[in-house]
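Engineer: As a plain string of letters, each chain reads:
2 protein chains.
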Amino acid sequence: MTTPLSGIRILDFTRYQQGPFASVMLADMGAEVIKVEEPDGGGEYGRRLWKERDGFTGFWEACNRGKKSVCIDLRKPEGRDAALDLGATCDVVIENFRAGTMDAWGLGYEEFRARNPRIIYGQATGWGTKGPLASYPSFDQISQAYSGFAQHSGGGPGCRPEIPYPGLADQSGAMNFAFGIMTALFARERTGLGQRVEVSLLGTQLALQSPELVHTMHTGKERERAFRAAPIIGHYECSDGRWVMIVGVDPKYWPRVMRALGIEELIDDPRFARGYARQENRHELEPLMEKAFRAMDSAHWLARLRDADVPAAIVQEYAEVATDEQALANGYIVEQQHPRFGLMRTVGLHVQLSGTPGEIGAPAPDLGRDTNDVLRAAGFSEDRLGALAAAGVILQS
Amino acid sequence: MTTPLSGIRILDFTRYQQGPFASVMLADMGAEVIKVEEPDGGGEYGRRLWKERDGFTGFWEACNRGKKSVCIDLRKPEGRDAALDLGATCDVVIENFRAGTMDAWGLGYEEFRARNPRIIYGQATGWGTKGPLASYPSFDQISQAYSGFAQHSGGGPGCRPEIPYPGLADQSGAMNFAFGIMTALFARERTGLGQRVEVSLLGTQLALQSPELVHTMHTGKERERAFRAAPIIGHYECSDGRWVMIVGVDPKYWPRVMRALGIEELIDDPRFARGYARQENRHELEPLMEKAFRAMDSAHWLARLRDADVPAAIVQEYAEVATDEQALANGYIVEQQHPRFGLMRTVGLHVQLSGTPGEIGAPAPDLGRDTNDVLRAAGFSEDRLGALAAAGVILQS
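Residue numbers (the numbering used here), protein chains in the order written: chain A, 5 to 401; chain B, 5 to 401.
Just so you know, these hints were derived from the structure itself, not from any lab.
Please note that the accuracy of each hint is not assured.
One copy or any two copies: either way a pair holds, since identical chains are not told apart in the list.
[Said to hold, decoys possible] Subject to a maximum C-alpha distance of 20 Å in a straight line, what follows is the list of computed SDA-like cross-link-like pairs (lysine to any residue):
id	residue 1	residue 2
1	Lys256	Pro141
2	Lys134	Thr350
3	Lys80	Glu115
4	Lys256	Arg232
5	Lys295	Trp258
6	Lys295	Phe231
7	Lys55	Ala323
8	Lys80	Trp109
9	Lys256	Asp272
10	Lys134	Thr105
11	Lys134	Ala103
12	Lys225	Gly162
13	Lys295	Ile237
14	Lys55	Asn285
Isolated chain A, as found in the complex:
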């Protein structure tokens, strides 16, 4: 039994989040991920985001666990050559700079391909590599704004746009990026061909919203975005101040919800009996349901709704999720030992394979921890390593 990506080597130039979380997913599946960082400014900027007084950063840890850190100054010719030689020993190169940056540094797809025609070059941009905005910088919130997500999340056209969750475009972009890399690795296994894989924040955001976009492209209008999607698809406050979410999307749930709430007289009420009528008369129905929920506490309602097999859940905050029995039982939250911070909890494997399971890697590495080991293993002589170190082109921590 081995991991699905054992033996796959990835040279990882990614920064911030869209690229780095994609390579965490590949590292979780057993790939050897060699993160290249520059000595200038103390390595990748993600090391400094969300930094606490004790030096811990959840952002950096979540986006870089399971990787090796190799520190090379890419702006010097010897550094560029070292990166290209390292790439010749790898299966995949990935980066998420704005389009053209790696080419300008002499580190574009063609350079790596010339040394290794089987290389897969994964490129995650902000805007795609074509079109008038291709060479502009982008970030997560730029893409949430431009793609329609911020406006729709804020309530639709005319409302104040919102960024409900910074990092959403990056994290979903990373999942899409990892899918693209795996698709190219699969194709290479069958054809022997390397190739370039492109994703972008914009492209992934449109895919994420494709049902809404296809709707708007047909009808010319955005669908309504309300606090609750429907009277029985939404969350209600209970007497203890906690909120219970119910999702009664299938018509079979309507009578079950009413019975669980003890307002079964509404089941056949002509204002609410059918889905369309319920939506039309939601401003009459929702206050009745709000009143019912407010009469008892969340534990009471959750038990009644679950007894009736209605999809229901309490609205939780992160401190609760961190010790949640369901998350722990499935290995979504696990413990690991951190060399500096001791025993810590982290997010576990969320894609679980029965025959060749992945395994979560060690906590995120210190800058340049693996420089010498990785370069030696790639065939760099001691003379070359010494010269590179003396010239300040590489750094070993």
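Assemble chain B onto chain A, guided by the hints.
Structural biologist: Only chain B this time, still in chain A's reference frame:
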């Protein structure tokens, strides 16, 4: 040149969104996706979601393009046998019922594996297959609520929780699911082994939020969630009522933004000159920036910010995205012919491979359009097809 998944056959029992969008992604890459629907109630329930007067539904189209539709009554023994025989000709079986449903129908992993040991069985649940909630139903908003996303998006603990975007857990879950299937297909190419792949709404939501969760698990507290992440990471209203988003996450952007806004006197103001101070004094800085933005229109500010190479974008609504030049230039929005609705726009390929590109499939199929063709190609005799049709077990439209 061929598609990356040409020759890969997927038997697709998925419903609603988490499963169906995953198989759209695989169909986009060239897999043959055979969607199994039941005659009862007119096929998959997704056909009836968001239905317009003309019969069009953006939800169904976005989640089912490029697939074949085979209509089989799975609750009859002959229907179950037909599905198992069909599965024996496929590479992948995927489903997103609650845990245990397929097993109860005699359509679990073991049944398919007994007929084809190389089968990959992809299972997307709500809660994972272990733990106290494994057998409960779940949906998108349930997972947004339970995973901490609704509370954080609403402003954090103590605020009113929000579901900013219904479908978010499903669509990101689908991307993660597609990644899992590709990983198993890759592993099978190298080892010959079939296996089970599990993802869940809960697991994917935790992965999506892993930076925030890892932060909370270390510090015990959620990070602040405000309207703007920081004074220079957020959106501002301009004189024409439109909003411009800027993201100045790197320190180099601070002086550029101030100069672009014509308030360069703030660059060295001790209240704002450094990142920590800006965050501390944001309630002084943001009003000054709001006032600056409100003095001119969005086109003016966008041009000035882009000239300064500051990451910036207008906040768009879907009607604008639908005809957006950048999206069109990258093929993220494309046209296709629909047999019933004529020329339509849809979301194009968002994962783009240079050597073995995917291609978007035909619009979503009518119920049972491909029943006879698919079963014949799988070796079903005319006698068997006739008997199944006569008994109402299969349906050809």
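Engineer: Checking against the hints above, which ones are violated?
Structural biologist: none
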